[in-house]
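Enquirer: Sequence:
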Amino acid sequence: MKIAVRLTFFDEEITKIVEYPGRPGSQGEVIQWLMSQTDLQWTDYDRASQEDKMLYHYDEGTVQ
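Quick note, the sequence shown lines up with residues 1 to 64 if you use the UniProt record's numbering.
Read the hints as simulated data drawn from the structure, not as lab findings.
Note that this is a predicted model, so its numbers are computed, not measured.
Cβ atoms here follow ideal geometry from the backbone N, Cα and C, with glycine treated the same way.
One or more hints might be untrue.
[What the hints assert, rightly or not] Calculated lysine to any residue pairs in the SDA-like style (CA-CA distance at most 25 Å, straight line):
#1 K2 with I14
#2 K2 with G22
#3 K53 with T38
#4 K16 with L55
[Unchecked claim] Distance windows between CB atoms, simulated:
#5 S49 with G28: 37 to 43 Å
#6 A48 with P21: 19 to 25 Å
#7 T43 with Y20: 29 to 35 Å
#8 T43 with E13: 20 to 26 Å
#9 D52 with G22: 34 to 40 Å
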């Protein structure tokens with residue numbers, strides 16, 4: 001079954017149509033499935049190396 005997903009993180013919005021395995025029984029089930037499909041990473045930006053900081057600004061170019 002296809003489901004429409006809209007994720008918002010810090011005012012950035014991602015929308016996508018995805019194939020959900022089966023038929024969801026509840027919104028909680030869908031959220032649990034979405035979390036299992038999501039790779040969230042974070043770092044202490046103030047203490048990160050310049051190389052690591054560049055990963056967080058990939059689409060903006062090099063950070064000085």
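Enquirer: Please go over all the hints and tell whether each is borne out by the structure.
Expert: Status of each hint after checking the structure:
no. : hint                     : in the structure
1   : K2 with I14              : holds (16 Å)
2   : K2 with G22              : holds (9 Å)
3   : K53 with T38             : holds (21 Å)
4   : K16 with L55             : holds (23 Å)
5   : S49 with G28: 37 to 43 Å : holds (39 Å)
6   : A48 with P21: 19 to 25 Å : violated (36 Å)
7   : T43 with Y20: 29 to 35 Å : holds (31 Å)
8   : T43 with E13: 20 to 26 Å : holds (23 Å)
9   : D52 with G22: 34 to 40 Å : holds (39 Å)
Comparing the model with each earlier hint shows a violation of hint 6 alone; every other hint is respected.
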